[in-house]
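Fit chains Y, B and L to the supplied structure of chain V, relying on the hints for placement.
One line per chain: the protein sequences are V, Y, B and L, in this order. The opening residue of the first sequence carries number 1 in full-length UniProt numbering; numbering runs sequentially from there. The opening residue of the second sequence carries number 1 in full-length UniProt numbering; numbering runs sequentially from there. The opening residue of the third sequence carries number 1 in full-length UniProt numbering; numbering runs sequentially from there. The opening residue of the fourth sequence carries number 1 in full-length UniProt numbering; numbering runs sequentially from there.
Any given hint could turn out to be false.
Said to hold, decoys possible - So these bits of chain Y aren't anywhere near chain L, every CB distance computed over 10 Å: (1) G103; (2) A227; (3) R367.
Said to hold, decoys possible - Output of the computed footprint for chain B on chain V, the stretches with three or more beta carbons under 8 Å from beta carbons of chain B: (4) 230-237; (5) 329-337.
Claimed, not checked - Derived CB-CB ranges, DEER-like: (6) E31/Y x A85/B: 31 to 37 Å; (7) A115/V x R81/L: 40 to 46 Å; (8) D142/Y x A152/L: 47 to 53 Å; (9) G159/B x D142/V: 41 to 47 Å; (10) T63/V x A118/L: 56 to 62 Å; (11) E31/Y x P45/B: 20 to 26 Å; (12) G272/V x L112/B: 49 to 55 Å.
It is worth saying that the hints were derived from the structure and are not from the lab. C-beta atoms are modelled at their ideal positions from N, C-alpha and C, and glycine is treated no differently.
Chain by chain, the residues run as shown.
Number of protein chains: 4
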Amino acid sequence: MRTGVWLVGARGSVAATSIVGWLALRAGLAEPTGCVTELPGLRSPALPALGELVLGGHEIADTPLLKKAEALAAAGVVPARLVDALHDEIVTVDDDVRPLPTGDTQAATAALIAADLADFRTRLALDEVVVVNVSTTEPAPDPLPAHADLAALEEALAGPDRVLPPSSLAAYAAFTAGCSYVDFTPSTGARLPALHELAVRHGVPYAGHDGKTGETLVKSVLAPMFALRHLRVRTWSGINLLGGGDGANLAEPAANAAKTASKQRVLGETLGYQPQGTTRIEYVDDIGDFKTAWDLITFSGFLGTAMRMEFSWHGCDSALAAPLVLDLARLTAAAHAAGRHGPLPELAFFFKDPIDATAHSLDEQWRILADFVGSLPGGEH
Amino acid sequence: MRTGVWLVGARGSVAATSIVGWLALRAGLAEPTGCVTELPGLRSPALPALGELVLGGHEIADTPLLKKAEALAAAGVVPARLVDALHDEIVTVDDDVRPLPTGDTQAATAALIAADLADFRTRLALDEVVVVNVSTTEPAPDPLPAHADLAALEEALAGPDRVLPPSSLAAYAAFTAGCSYVDFTPSTGARLPALHELAVRHGVPYAGHDGKTGETLVKSVLAPMFALRHLRVRTWSGINLLGGGDGANLAEPAANAAKTASKQRVLGETLGYQPQGTTRIEYVDDIGDFKTAWDLITFSGFLGTAMRMEFSWHGCDSALAAPLVLDLARLTAAAHAAGRHGPLPELAFFFKDPIDATAHSLDEQWRILADFVGSLPGGEH
Amino acid sequence: MRTGVWLVGARGSVAATSIVGWLALRAGLAEPTGCVTELPGLRSPALPALGELVLGGHEIADTPLLKKAEALAAAGVVPARLVDALHDEIVTVDDDVRPLPTGDTQAATAALIAADLADFRTRLALDEVVVVNVSTTEPAPDPLPAHADLAALEEALAGPDRVLPPSSLAAYAAFTAGCSYVDFTPSTGARLPALHELAVRHGVPYAGHDGKTGETLVKSVLAPMFALRHLRVRTWSGINLLGGGDGANLAEPAANAAKTASKQRVLGETLGYQPQGTTRIEYVDDIGDFKTAWDLITFSGFLGTAMRMEFSWHGCDSALAAPLVLDLARLTAAAHAAGRHGPLPELAFFFKDPIDATAHSLDEQWRILADFVGSLPGGEH
Amino acid sequence: MRTGVWLVGARGSVAATSIVGWLALRAGLAEPTGCVTELPGLRSPALPALGELVLGGHEIADTPLLKKAEALAAAGVVPARLVDALHDEIVTVDDDVRPLPTGDTQAATAALIAADLADFRTRLALDEVVVVNVSTTEPAPDPLPAHADLAALEEALAGPDRVLPPSSLAAYAAFTAGCSYVDFTPSTGARLPALHELAVRHGVPYAGHDGKTGETLVKSVLAPMFALRHLRVRTWSGINLLGGGDGANLAEPAANAAKTASKQRVLGETLGYQPQGTTRIEYVDDIGDFKTAWDLITFSGFLGTAMRMEFSWHGCDSALAAPLVLDLARLTAAAHAAGRHGPLPELAFFFKDPIDATAHSLDEQWRILADFVGSLPGGEH
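Chain V extracted, bound-state conformation (with noise of 0.2 Å):
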């Protein structure tokens, strides 16, 4: 099953990390460390084999996507020893890089976008395509009448006002082009109910939101240990600092607001309540793409003795992020091929605001996703 994977923001450090680790994969140059549809569990020949994947996308930058990749070799995200032996594949995946398309209209826009999609499957005879936004978090946007409904979203979209924000403008060309849909940030992607009915009526499936990396992935552990000792979680506070362009991006407020808000939602969802506490976001620059997270957790306990736990992580979300677009792509160009559409709650192992998901606990969330591929047809082979 040939597959592509269309990235949106196809030269930032999330897709050019998956696209350096891809051609590595393909090339046996690396192992899949962090690629979970790689473990025992859930290997399956209902999924399409790393070699059957095609890697494109749309960018605003300019700078070519080696460029970025020597960059990321520089920040050490990725072995500069890997950017060399892969020169030519590089340049290569970077010729299905297409700068975005701007119509007069959104509606204008959208079928430009969906042409790109169109194009890029026929002309590379794909079986499936599935869009992956993993472009910068957008602020939310106010919230519109015609964000509710179909008809009443493709009339505004003929007009001259901006009536989506870019992440479900994509989401809405890719499900009228017939591609599944993944947003790996927080911003509004398919979360609309005007593009829900607009999934279903073209039969494609969609998932999201906002990959769950590194912080809040800890949280999903931690907050139902706590809940299964019967332990009383009175505050959970951190910070995040990072760099980068996310990072920077994320320090506007209301991107901020955004991403904070998704990465509470955890605790909440385990533990019953809310402990007291925030987590918050903060840009420093010369951080750079490696973040650290620390998050103080006080807790109570028999008689109400006071305890409390602290962590710090420090990761490299690109690293963390990369592999698991690909894990995205697989699973949901597997559950298309399957006939599922609309949104697949299956896949919130990925996610720290998983749509449709009853499940918050990251082992929960494994043994459903597991289950969903073992259920694939040809995934019981």
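The following block gives chains Y, B and L in isolation, referenced to the frame of chain V:
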């Protein structure tokens, strides 16, 4: 089902906290925070109610239980108001704390211990008695041929030599008296083939070893997190700083070795390989009952990117252990009532070094435990 | 030298801890831990003895001082045994805590405050009175022309508008009453040209701002360490999690801004450049009086090698501040007695944002302080 | 003043980093970050310029210096671009790295070492040669009577037994060749009465022991902070996790004991009492050159309030040590030129366990060092 809980080390910190807490719960003066058998997922009519428990035990120290409770209140382990309010009840429980008897041979000592257990059961009209070892950690004993075979053991015990360490002699006595046995410490306890044979002969169950109260609890959720995300843990090193009586004892090299081996086991079992590093235990008298554990985990992700995590855990071991002692007594009594004998691997959730257990991730252990409770006669009501 | 210490905010946490501690020291019930004027290097006959101090103050809250002391004991800030033992003395001090008066104009209010100060001095036969502001942090006021010139200020105060924030009005009243003034908070206090003019006219000294009790104290030794080793600090970011009354107030954006600017100043001053990063203050009610501060410092060494340091500080602000309040009162009274007027930059050791100070490394500040004490008349005895 | 720097262990991590860094500084390819003699407060014409240094040394390993430099670049200790750019210069320095000679007796070995030093001086027309020990830490040797007296030592060295550990034999050879000696390790080095006698006889200075590069550096500013604030440090415990060659060696109990004693000394010296707790050193191979140290400090403040601080230090020991090696060579050569002989306690700033030093707070050590530099002939220009 009136259930006796016989604490070996009945005036130690863990036992005294269990007793004060049990009295407080019975009197409605405290919430059952930390008691996992009071969580919705485990609460069951198959377990003896907290009000059906009766506590007693053996102790070598002379300090009255009330003095110990007051010392714990001064150290912030239990609230002073509870010790004040439960003054009379604490004194009453102390009436059922007996000096540990000594005979001319270990066989004679065991008979005296068993007689105390039988008297406790008869005098207080108990349906069951569970013996729980919460005494100080012993050094690992030298292996003897008599440990491997019950007949040989019985012969040896009748002789002049010390054949069994105290924790194992307590298990021996418990089994001969028809009592179940729980080892909350890393001592040998029932972990000898001859004692297994004895438990089976008397039809009693046993459980252990080494209550999972702090750093190892955290490991049992973090290690699976790395495994489920296919991240490679390279090193996992830590140090435990603790004071109090148990701390001083654990600083002895032999006891320390028993404990640290127990603390790393979860890593190999859940990761499938043993990362570099060890866990140190350091005695620092002034730190008292509140232990600080610090762990450094280094791991690599996609394309080998080096990342790291640190955590500090500042917990009160006695407050973390005490509610689990009550849980274990209730669960073991119910297992006995249901006809179980031999080891209870379903109680692995509670232990660092669980007997015969296959699951080491906390979440899997929880599911096995919940299934076990659900399967008890009357448990499904 | 009988010395009055007039606390603005006399039933707040800092003031109440100062009062209980002073009573305990006077009664020989506690060691002078935390009192730097009791260190061998600073102890001096030039300073009023602890037994020569008399404490009183203004307060807007009605809660009796004893209630506040009991609440602090319950929170673990002061020992309950001291509050019990000093019950009568605490009630007696409360007799000298007066409601903050209010006149028709700010001039009238200042006159009422000054009258309370004069009455305190006369009634208790005090040689000196030092006013110490330990009330809640104010937002920074809008600048007014009247702040720059004493004649203009006096005219404006007689009018109907609010010209000075409360901390500055207290300084104004103190100076007109011939009292020295210390600002332990980041509020404006005496930091206005018109008030400087007034202090000089009345021949009284003043000191401030913002007691250096925790995270900034640590910064004032770590930043010089990096500087002396020629290591380049790239980023220094932190977060303070605190509850209690002051925490709630500091979470207000305006007060927060005043405080965080004060907290980063030491970095630029000791390093010679401003590293990236900021210090956040977060209010988490449940954390109460014990503050946790976490800082991440990234730095580069020889040939640009990237390194990092983290620290967590878990301190009780009131317990850290209270002995310094006593120190500052003794030192300022002695300076006044020695004929000093205007700012006392020699007390920079105590402050995050010291007035007119040139030294910001703790060690240099200590030497300047020790020289100052040695230079006081009678100090060399 | 042409100054030879003879490194004992010249292809070890510290030496190789010193060499690459010195070459880079000389070529204008790097900033002198980490070099304290390049700070405004210490820069002095009394010191040999970096361009006047000439590096060489002894080594037992065969790996070429270039290979070692490449390995350090791969480990992130030095930038790969510098190793590339300085390829030829590194090979040239390696010409002056000689195998450590061995004679029939230790006297004969010392004569061979001294001959290498004399040859280095003559051949390269050096005014001074400073021998710096940066080889692996030795176990503390058993004391011998010959250590106490120079005549006895000379007699013993002529015999068949091993009388001196290698670091001391190097000091012996250095002194007889008229070279000054610096011990950057915790080994015995010049710390024997007989060697002191020899240094005085030959009129050469020496300095040591044990470069203060990380955790102890932090201790040397934090301990004075607690002292200056009259806060009582109750416990100070820590652990160092390190890999690399030195780590493996320090894990040997004897070497470990030497090192940990050295690391706690600063506490007793600056606090005036020894708090509870120790510092552990653990070897974790995979951690490599980047060491992580974690310390927990518990302390009490006013009225006994219990508080705590933790810090983690993640530093590259070789990168921290290398610039100090250059500093020490320049300072010791200047002291020799100025006619100093015997120990140089003024260099305590650089050492964990400084010889004959009275000051242990970093700040006092800095002032003593700055005064020393200022007092050198030509230093005041």
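TODO: Please confirm whether G103/Y is truly not at the interface, meaning its C-beta sits more than 10 Å away from all C-beta atoms of chain L.
DONE: At about 41 Å from chain L, G103/Y clears the 10 Å cut-off, so the statement holds.
Open item on the list: Tell me if the beta carbons of E31/Y and A85/B are separated by a distance inside 31 to 37 Å.
Closed with: Cβ of E31/Y to Cβ of A85/B: about 33 Å, so the range 31 to 37 Å holds.
Open item on the list: Using Cβ atoms and 10 Å as the threshold, tell me whether R367/Y really stays out of contact range of chain L.
Closed with: 33 Å, holds
- [ ] Return holds or violated for the Cβ distance of D142/Y and A152/L against the range 47 to 53 Å.
- [x] 48 Å, holds
TODO: Go check the region 329-337 of chain V versus chain B for me, would you? Three or more residues, Cβ under 8 Å, otherwise it fails.
DONE: Since 0 is below three, the answer is violated.
- [ ] Determine whether the non-interface label on A227/Y survives the test: each CB of chain L must be over 10 Å from its CB.
- [x] 18 Å, holds
Task: Distance restraint evaluation - G159/B, D142/V, Cβ atoms, bounds 41 to 47 Å - done: Holds: the Cβ-Cβ distance is about 46 Å, inside 41 to 47 Å.
Open item on the list: Just to be sure I understand the hint, the distance between the Cβ atoms of G272/V and L112/B should be within 49 to 55 Å; is that true here?
Closed with: 54 Å, holds
TODO: Given the hint of 40 to 46 Å, check if A115/V and R81/L actually sit that far apart at their C-beta atoms.
DONE: Because 45 Å falls inside the window, the suggested range holds.
- [ ] Just tell me: holds or violated, for the beta carbon distance of T63/V and A118/L against 56 to 62 Å?
- [x] 59 Å, holds
Open item on the list: Holds or violated: the 20 to 26 Å window for the beta-carbon distance between E31/Y and P45/B?
Closed with: 56 Å, violated
- [ ] Quick one: see if chain B covers the region 230-237 of chain V, three-plus residues with Cβ-Cβ under 8 Å.
- [x] Since three or more residues must qualify, the claim that chain B covers the region 230-237 of chain V holds, with 3 doing so at under 8 Å.
Of the hints listed earlier, those the structure fails to meet are numbers 5 and 11, in rising order.
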